[in-house]
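Engineer: Chains as they are written, first to last, in my numbering: chain A, 1 to 708; chain B, 1 to 708.
Among the clues, some could well be false.
Unchecked claim - Calculated pairs, SDA-like style, for lysine to any residue (alpha carbon to alpha carbon, straight line, at most 20 Å):
(1) 39(B) / 62(B)
(2) 101(A) / 541(B)
(3) 611(B) / 640(A)
(4) 389(A) / 21(B)
(5) 403(A) / 424(A)
Derived from the structure by calculation, the hints contain no laboratory data.
Listed here are the chains, written in short residue letters.
Protein chains: 2
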Amino acid sequence: MLEHFFSPGTVAVIGASREEGKVGYDLLKNLVTYGYKGKVYPVNPHAENILGIKTYTSLKEINDTIDLAVIVVPAPHVLKVVDECSAKGIDSIIVISAGFKESGIDGASRERELHQKIKQHSVRMLGPNCLGLIDTQSFLNASFAADMPAQGNIAFISQSGALCTSVLDWAVNECIGFSKFISMGNKTDIDEVDLIQVIDEDIHTKVILGYLEGVKNGTAFMNAAKKITKKKPVIVIKSGGTMAGAKAASSHTGTLAGAENAFDTAFKQSGILRAKTAEELFDYARIFSHQPLPKGPRIALITNAGGPGIIAADAVERSKLEMASFSKNTIDLLRAALPAMANIYNPVDVLGDAKADRYKFVIEKVIEDPNVDTILVILTPQTMTEIEKTAEVIGEIANRTDKPIATSFMGGKRIGTGLEVMRQRKVPNYPFPERAISAVEAMYKHTLWQKKPASKIKKFIIQKEKATSIVEKIRQMGRQYLCEDEAKQVIAAYGFRIPQSILASTEAEAVQAAEEIGYPVVAKISSPDILHKSDFGGVKIGIKDAAEIRRFFSDVTQKAQRLMPSAEIKGVLVQQMITGGKEVILGMSRDPQFGPLLMFGLGGIYIEVLKDVTFRIAPIGPNEAEEMIHEIRSLPLLKGVRGEKPVDINALVDAILRLSQLVTDFPDILEMDINPLIVFPEGGGAMAIDARMTISQTANYTQNAHKM
Amino acid sequence: MLEHFFSPGTVAVIGASREEGKVGYDLLKNLVTYGYKGKVYPVNPHAENILGIKTYTSLKEINDTIDLAVIVVPAPHVLKVVDECSAKGIDSIIVISAGFKESGIDGASRERELHQKIKQHSVRMLGPNCLGLIDTQSFLNASFAADMPAQGNIAFISQSGALCTSVLDWAVNECIGFSKFISMGNKTDIDEVDLIQVIDEDIHTKVILGYLEGVKNGTAFMNAAKKITKKKPVIVIKSGGTMAGAKAASSHTGTLAGAENAFDTAFKQSGILRAKTAEELFDYARIFSHQPLPKGPRIALITNAGGPGIIAADAVERSKLEMASFSKNTIDLLRAALPAMANIYNPVDVLGDAKADRYKFVIEKVIEDPNVDTILVILTPQTMTEIEKTAEVIGEIANRTDKPIATSFMGGKRIGTGLEVMRQRKVPNYPFPERAISAVEAMYKHTLWQKKPASKIKKFIIQKEKATSIVEKIRQMGRQYLCEDEAKQVIAAYGFRIPQSILASTEAEAVQAAEEIGYPVVAKISSPDILHKSDFGGVKIGIKDAAEIRRFFSDVTQKAQRLMPSAEIKGVLVQQMITGGKEVILGMSRDPQFGPLLMFGLGGIYIEVLKDVTFRIAPIGPNEAEEMIHEIRSLPLLKGVRGEKPVDINALVDAILRLSQLVTDFPDILEMDINPLIVFPEGGGAMAIDARMTISQTANYTQNAHKM
């Protein structure tokens with residue numbers, strides 16, 4: 001896939017320049033400097049040769065097939081050059097040139113033309129407005145970066161070209177190697193999904209790093225990511241998050257959802273590790289690049305200083321890792337061999353006078369302990385410390401074990417050569433133990449993800465036609481919001497239990513309805529124009545007799561006519577009164593990038609004040625529904641406090657899955673809340689008391705969104 | 001204070017050694033190598049001279065007064081040497097030797113003897129089991145560290161000697177200077193409080209860094225810290241936190257308090273900045289050391305790359321800082337001078353081709369903007385970037401402005417010389433912008449602390465004698481737990497409103513009491529042995545008539561006799577039934593280090609499930625009580641949701657302050673809960689419905705604790 005981009009036999013540089021410091025010069029120089037074996041053809045109408053290479057006045061003139069064209073001409077000429085490339089039969093193009101959608105309205109229109117041309121010629125394009133790409137296996141440096149990284153097993157894809165230059169400079173300093181290094185620019189054609197697929201098949205890549213500000217197609221991204229993360233870790237820093245303002249929304253779910261939660265959820269569901277900072281991105285990369293995955297959470301700390309050992313143990317406590325409890329055998333061995341003052345339990349304190357041999361003994365014994373999954377070796381430069389030799393010892397042990405080892409040599413000047421040894425031996429060192437713990441934790445999370453069974457989607461037998469006919473009817477009426485009773489009919493078609501209710505359009509009908517249902521009843525105003533019925537004062541519970549329901553009917557309809565004269569009042573919904581159980585909220589808000597974002601939380605203040613909710617992108621399976629339930633802080637309330645019985649968790653899982661199926665079946669539903677869903681004590685099931693729903697005015701909204 | 005430790009005229013080293021690699025050798029060598037101007041007297045019975053210096057067989061033999069003795073003899077000889085020091089009239093001693101309480105029971109007993117001797121001779125001592133100390137002003141290196149740091153304005157005090165060696169090694173590498181560098185060891189005599197007082201007066205110290213695992217005297221520590229932090233920032237990493245198991249406790253407050261919350265609270269109340277990691281400690285130190293404090297939260301970002309600018313803006317959004325909005329004047333100036341593609345709003349993108357002059361222009365204009373408090377300059381090494389020259393420009397501007405400037409030059413090899421320039425120019429650079437933002441945020445927090453008015457303690461007129469007599473009576477009865485009615489009498493004496501209630505010891509009395517109070521009433525079992533009355537089923541609310549109260553009385557007393565035959569049953573407390581208002585909990589748990597730790601939160605599930613509580617160490621003033629109320633997540637519930645009236649916040653503040661006064665007046669109270677305290681709508685006051693309290697069996701617990 002995209003072979004011509006990464007191992008072309010021939011490369012043409014259109015816009016190659018004689019002038020040092022120009023992008024067209026730097027790029028050509030990078031192509032010929034780092035050992036690329038293919039042929040390079042510079043194109044420049046005004047030069048005979050550049051850097052000693054014969055230069056052509058145009059593509060046509062080149063008497064060879066060209067696998068990859070790199071375009072560095074000014075933006076206004078790019079379209080013409082793309083036509084020439086196509087005429088020459090070139091199928092792979094990198095457009096380095098800036099001056100497209102990043103530069104304003106004219107640039108955006110130029111980019112649309114470029115996109116059309118690419119599609120029309122059926123060629124693939126990286127860029128525009130990018131740094132280019134590097135493939136260390138083919139020694140191809142088709143970028144204007146200032147350096148060539150060493151060969152390694154990390155692939156880096158970035159939406160920011162500038163960040164690429166910083167990363168490269170850092171990597172050269174730290175001797176970090178890369179397999180591929182790709183600046184995506186404006187992602188007009190090739191995007192993160194294409195590149196993930198390329199890297200998935202690339203035997204030289206073990207770890208994928210990404211810097212993303214957004215994704216072009218959320219669903220495709222998740223599918224590609226889910227597949228690759230089962231084999232290779234993907235670590236992404238996603239920026240631009242907190243800046244996004246919350247969009248106007250008519251549901252609780254819509255208000256709480258937001259792009260940030262969608263990204264977090266999508267990453268979680270596809271096994272992507274999200275780095276919170278750029279530093280974390282590289283801290284994680286280094287350990288994944290060279291160390292095996294831990295089998296479990298149990299970490300052993302070995303230190304020559306008490307303080308840093310405590311700092312590290314604190315960090316373990318705060319993480320998902322656990323302090324390993326050594327086997328009796330290990331403890332006996334350590335007790336027999338170490339000085340009396342040494343701490344032989346975890347963290348093992350080998351004492352300040354420990355030389356390399358003592359470290360070696362302890363690491364070898366501890367790593368053989370079946371209760372240990374990972375080792376962190378901490379070293380402070382004491383007078384007696386053999387820094388380099390200890391580094392050698394660690395490197396040698398790391399080389400022959402299948403458990404991951406990280407180190408935290410803490411210091412500066414004196415530990416320099418030790419760090420150098422560790423770099424060569426592929427043991428990741430972290431200047432502070434907390435960062436090492438965080439990196440090991442990331443690996444452990446990846447272990448858990450790899451072990452996690454794929455989610456199985458459960459299909460309920462439902463009445464889809466019935467739901468369709470309600471939604472279609474509303475749309476044909478030109479309405480966007482469904483009334484409570486309409487929304488409840490839709491969810492009832494998907495198997496939700498709803499209270500018995502009768503819509504009454506007159507006082508007399510209301511009395512009749514209440515008598516049919518049986519007092520006490522609940523009454524609610526019914527109007528597609530009044531969404532927040534409680535806030536409006538349009539709900540009354542515990543109505544005990546005919547007089548009371550008559551009075552409510554007349555009061556509430558008059559109030560509506562007075563306050564909202566243009567609202568369509570359908571009457572009053574008379575409803576069975578439900579008592580007991582716990583109120584939860586289920587909802588969905590359709591994210592423009594990732595689609596249906598399900599939400600779950602406890603109702604009332606838990607959602608409004610504490611925002612104690614959790615999200616998943618539908619469709620989901622039973623495991624994920626259970627995860628959702630277990631993620632909220634107020635879970636103990638569902639399990640029962642002070643001797644209460646637990647609620648019917650199975651019914652709740654069932655409800656979440658039915659909602660998942662509904663919003664997957666109906667891309668037309670833009671937002672919805674089921675609020676409250678009452679969950680009764682164990683075995684009692686659940687009942688949807690109220691629901692609201694917003695639909696799009698054009699069918700198949702999701703598919704349109706993906707074309708954007 | 002402690003002058004002889006930091007600028008002695010003469011130093012004796014008892015246990016000086018000829019053997020390289022021995023502590024007694026390294027220490028002597030450090031004393032004579034780094035320019036210390038005083039006289040050094042090695043003492044060793046077996047050597048004539050060491051390192052070319054005349055050596056004495058004993059202290060007596062030295063014909064000079066000795067200001068400071070440094071003892072490096074093996075632990076068993078230390079006590080004898082201390083006697084000799086005292087005989088020689090030495091008042092300042094550093095004991096380097098290990099083998100005291102850190103090494104087991106024998107060592108601990110030796111340490112107690114050492115402490116007695118020190119007190120008896122009225123000498124001051126640093127250590128034992130420490131690395132020693134360094135004072136760069138007097139060029140004194142009385143430690144066995146492997147290096148001497150440069151002069152600077154950072155003082156470092158550490159409870160871990162090994163961490164000192166790592167910090168020193170790091171500092172030498174980073175060209176970070178120190179004023180004083182002190183390893184405290186076991187803190188048998190001199191501790192963090194003494195050292196804070198020394199550093200408070202030290203004109204060469206601007207910033208104090210500390211590594212602490214605990215403090216010896218919490219109250220003295222807070223007082224010293226409160227004083228110094230108004231002048232100088234104190235940044236502390238406190239470790240060993242999460243390891244501490246929760247102690248067994250009989251109150252909600254006791255269960256939730258714990259040593260970690262006590263430390264966090266003490267640090268907050270004394271203006272100490274707590275670094276979460278060792279890396280943060282030094283990130284903060286570097287900016288405080290060289291940059292002025294920001295006047296406000298508004299930060300300007302200037303970058304030559306979009307991606308890192310977004311990353312930094314995200315970090316600002318997550319912090320207490322704000323993105324500065326430039327004045328029209330600044331925007332006009334930037335628009336006129338920068339290329340059209342540049343972003344002239346915050347973050348300013350000077351573009352990838354920006355040379356030093358463009359950075360200079362923008363920094364100068366932005367720093368003059370009255371809407372900007374701090375500047376962060378981000379640089380990625382692009383082809384055209386003038387790294388060193390830009391660093392010079394930044395250093396030059398930083399030198400003449402009173403606003404703080406930090407940088408984030410992102411990269412490795414190519415930015416090396418730029419970083420060197422910045423180090424010389426005292427501009428702190430952070431490899432990733434998030435770390436720079438976190439450091440600036442720490443400075444801004446310190447600005448806020450310095451502006452914060454000192455808390456004024458309000459003294460209520462209360463009936464202390466009445467409370468004393470109740471507590472004394474309970475103690476004389478040999479009881480530890482107060483009954484509800486007893487505890488409520490104590491708080492009533494401190495001005496808490498309590499519901500009318502009558503203790504009934506027979507069914508008939510209960511009926512009479514209920515009639516006097518007026519139905520409906522609440523009835524509760526009264527027994528000093530049943531603390532959790534609700535869990536026991538010993539509370540009934542809404543009792544409407546005589547039959548009901550008779551039945552409750554007989555049921556509950558029989559149940560108690562059946563289930564807890566040894567419990568003392570005093571009868572049933574009949575109580576006025578209170579409706580309306582919001583339930584909060586006030587409590588106190590006495591921390592062994594810091595004393596009375598007040599707790600506040602909403603009652604019921606907010607505390608039990610969500611643990612949404614906040615702490616302060618008493619005594620506190622009205623500002624702090626208000627801060628507590630504003631810190632809980634569920635604050636909106638007190639302010640009123642969905643049209644409810646807000647509760648009486650003034651009454652709540654009043655209640656917190658009365659509790660503060662009570663627990664300050666009575667060190668005997670070990671733990672207490674007022675749960676619930678009902679706070680009525682604005683103007684309605686508050687009422688304590690239930691209370692529980694535990695007292696110590698010996699008076700003046702606090703004072704004893706401080707002697708530990």
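Engineer: None of the hints should be skipped; say for each whether it holds.
Structural biologist: Do the hints match the structure? See the list:
1. With a C-alpha separation of about 11 Å, the suggested pair residue 39(B) and residue 62(B) falls inside the 20 Å cut-off, and the hint holds.
2. For the hint pairing residue 101(A) with residue 541(B), the CA-to-CA distance comes to about 69 Å; that exceeds 20 Å, so the pair is violated.
3. Pair hint residue 611(B) plus residue 640(A) holds up; C-alpha atoms about 16 Å apart against a cutoff of 20 Å.
4. Taking the CA atoms of residue 389(A) and residue 21(B), the gap is near 17 Å; set against the 20 Å cutoff, the hint holds.
5. This hinted pair checks out: residue 403(A) and residue 424(A) have alpha carbons roughly 18 Å apart, not beyond 20 Å.
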